[in-house]
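Here the protein sequences come in this chain order: G and R. Just so you know, we're using our numbering here: the first sequence kicks off at 5 and counts up by one. Just so you know, we're using our numbering here: the second sequence kicks off at 16 and counts up by one.
One thing to keep in mind: the hints can contain errors.
Pairwise CB distance ranges (calculated) [as the list claims (entries may be wrong)]: (1) G:GLN228 to R:LEU219: 45 to 55 Å; (2) G:LYS194 to R:GLY203: 51 to 61 Å; (3) G:VAL72 to R:PRO29: 18 to 28 Å.
So the derived list for chain R, only partly shown, Cβ under 10 Å to chain G, looks like this [as the list claims (entries may be wrong)]: (4) GLN105; (5) PRO119; (6) SER191.
Quick caveat, the hints were computed from the structure, so don't treat them as lab data. Note that the Cβ used here is the ideal one computed from N, Cα and C, for glycine as well.
So the chains spell out like this:
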Amino acid sequence: MSNLFFGYIPGTSPIHSLDPRTKIISVMVASIIIFNSGSFREMALIGAVFLALFSISRISYRAPLSAVRPMMIFLIIIFLMQLFLTGETILFSLAGFNATQEGLYAGLLLTWRFVYLLLFASILTATTTPSMLTVGIERMLRPLPLEKAGISSFDLATMMSLSIHFFPLLYEHLEKLKDAQMSRGLDLKKNPLRTIYSLSVPMMKIAFRSAGEVSLAMESRCYQGVSRTSLFEPRMQRMDFAALLGFALIMGSIVLLA
Amino acid sequence: MSIDVTNVSFSYDPGTSLERTALKNVNLSIGRGEFVLIGGEIGSGKSTLIRHFNGLLRPSSGSVSVDGAEAHVKSVRKKVGILFQFPQNQLFARSVYEDVAFGPCNFGAKGDELRKKVTKALRMAGVREELYEHSPFTLSGGEMRLVAIAGVLAIRPDYLVLDEPLSGLDPEHRESLLKILRSLHMQGSSVIVVSHWIADLLPLADKIILMEKGKISFVGSPEEYVKSTSTPLPEITSLMKKLQQKGFDVRDDIFDVGEALNEIIRVKKERLGSMQ
Numbered sequence: 005m006s007n008l009f010f011g012y013i014p015g016t017s018p019i020h021s022l023d024p025r026t027k028i029i030s031v032m033v034a035s036i037i038i039f040n041s042g043s044f045r046e047m048a049l050i051g052a053v054f055l056a057l058f059s060i061s062r063i064s065y066r067a068p069l070s071a072v073r074p075m076m077i078f079l080i081i082i083f084l085m086q087l088f089l090t091g092e093t094i095l096f097s098l099a100g101f102n103a104t105q106e107g108l109y110a111g112l113l114l115t116w117r118f119v120y121l122l123l124f125a126s127i128l129t130a131t132t133t134p135s136m137l138t139v140g141i142e143r144m145l146r147p148l149p150l151e152k153a154g155i156s157s158f159d160l161a162t163m164m165s166l167s168i169h170f171f172p173l174l175y176e177h178l179e180k181l182k183d184a185q186m187s188r189g190l191d192l193k194k195n196p197l198r199t200i201y202s203l204s205v206p207m208m209k210i211a212f213r214s215a216g217e218v219s220l221a222m223e224s225r226c227y228q229g230v231s232r233t234s235l236f237e238p239r240m241q242r243m244d245f246a247a248l249l250g251f252a253l254i255m256g257s258i259v260l261l262a
Numbered sequence: 016m017s018i019d020v021t022n023v024s025f026s027y028d029p030g031t032s033l034e035r036t037a038l039k040n041v042n043l044s045i046g047r048g049e050f051v052l053i054g055g056e057i058g059s060g061k062s063t064l065i066r067h068f069n070g071l072l073r074p075s076s077g078s079v080s081v082d083g084a085e086a087h088v089k090s091v092r093k094k095v096g097i098l099f100q101f102p103q104n105q106l107f108a109r110s111v112y113e114d115v116a117f118g119p120c121n122f123g124a125k126g127d128e129l130r131k132k133v134t135k136a137l138r139m140a141g142v143r144e145e146l147y148e149h150s151p152f153t154l155s156g157g158e159m160r161l162v163a164i165a166g167v168l169a170i171r172p173d174y175l176v177l178d179e180p181l182s183g184l185d186p187e188h189r190e191s192l193l194k195i196l197r198s199l200h201m202q203g204s205s206v207i208v209v210s211h212w213i214a215d216l217l218p219l220a221d222k223i224i225l226m227e228k229g230k231i232s233f234v235g236s237p238e239e240y241v242k243s244t245s246t247p248l249p250e251i252t253s254l255m256k257k258l259q260q261k262g263f264d265v266r267d268d269i270f271d272v273g274e275a276l277n278e279i280i281r282v283k284k285e286r287l288g289s290m291q
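Build out the structure end to end from the sequences listed, making use of the hints.
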């Protein structure tokens with residue numbers, strides 16, 4: 005899972021070769037449209053767009069799947085809250101809570117929206133290397149007057165790319181730690197409290213220590229948060245503008261038509 | 016009474032594009048009371064193999080049994096204690112004492128029995144008494160390693176498995192760890208040490224197992240290991256081997272400087288005798 009959860013999958017598809025900014029803006033467009041769509045028909049059409057993009061990108065079906073799977077518990081909670089806490093037309097009762105028809109409708113729609121967000125985002129991250137993603141975001145933030153708030157777009161970009169890189173590293177540490185504590189008789193299922201305690205304390209320590217080590221390593225190679233050049237210089241090509249325009253038109257027309 | 020690994024193969028992420036085979040048809044048996052070294056390069060499958068000994072990993076095919084029981088049964092975790100690489104990472108409790116008590120507590124030890132197990136393990140690992148109530152995070156790297164070892168010893172495993180236990184230790188803690196391993200072995204426990212650099216431990220071992228690309232490439236006694244072309248060798252042993260290649264009639268299954276000296280003197284005397 006560690007490799008697939010919003011991880012990059014190398015490839016040569018047209019989507020892989022697009023400028024990161026095109027893809028980031030497209031995901032933004034997609035999320036605006038997703039949250040403005042109010043019917044199942046629109047949702048179905050957005051799903052068709054996703055499937056089209058997914059097949060063009062030629063990534064494994066596991067990538068979007070593993071983006072959604074870890075979020076399952078949150079999705080279920082969101083759904084249940086909608087189901088039981090909104091609306092009036094009672095469907096059935098459970099432990100003093102009433103499930104309603106409106107709640108069912110709203111819950112399905114809302115969880116579906118979140119799933120779509122995850123799916124579109126997974127295409128972005130699966131087809132864009134973390135460094136490209138960072139460069140893209142940095143370029144998009146550069147015109148903003150962030151210096152007045154005491155940060156630069158470079159700082160933000162570095163922070164982002166570091167967090168992305170830390171994800172698999174921490175996951176690997178967690179797996180090793182789990183093995184070590186289980187060898188000392190820890191039962192993950194029987195003892196949730198002890199599990200959380202015996203895993204989270206060392207993980208905190210490991211996280212802080214690795215962060216400290218990375219910052220030292222960066223400083224010793226003269227990192228400073230201002231005006232860095234980047235290894236990859238993205239360029240918006242004609243293809244990018246065409247893709248962006250096409251995508252915005254398709255997504256816009258879904259909302260307008262429905 | 017042994018750990019028996021029969022025809023075990025194992026792959027990570029089976030059925031995906033990331034699938035990689037870590038073990039291929041491995042057979043081995045480790046008896047109660049044996050001191051076994053498992054060597055081989057990094058990535059040869061050593062760490063994957065030991066995770067089968069207490070059921071953290073289950074073989075894709077084949078079987079692993081410990082004293083006749085399937086390795087993934089929970090009671091096996093108590094029999095096979097594993098100390099992983101950089102074990103200082105596993106410390107988490109408020110005090111050294113509490114951390115060492117974590118293992119026995121998980122296996123249901125209480126009261127006096129628990130106290131006895133913990134203090135005995137701490138003493139055996141050579142942790143100084145004034146540290147018992149300290150937070151484990153205030154200790155030095157070497158001390159943390161000793162506490163982690165005590166944490167596994169407190170479970171009183173019949174088979175103690177250690178993954179790269181000597182890496183990154185200063186000479187002083189290294190010596191004390193070797194002493195602990197030796198005395199555990201004397202008391203009848205099995206000690207299984209996994210390392211890519213087994214030369215230093217060769218004199219302690221009853222059996223050497225070498226792994227290469229997920230397969231076992233050598234099994235034998237330290238003497239057989241020296242006779243074979245396997246590496247690495249302890250410095251003194253490789254010196255004797257070189258002398259032998261130069262035509263001196265010395266033994267090469269020697270791991271001790273004193274013994275080597277005696278052997279060289281013996282051969283020298285013989286030569287002098289034959290010249291007269």
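Hints the structure fails to honour | 2 and 6
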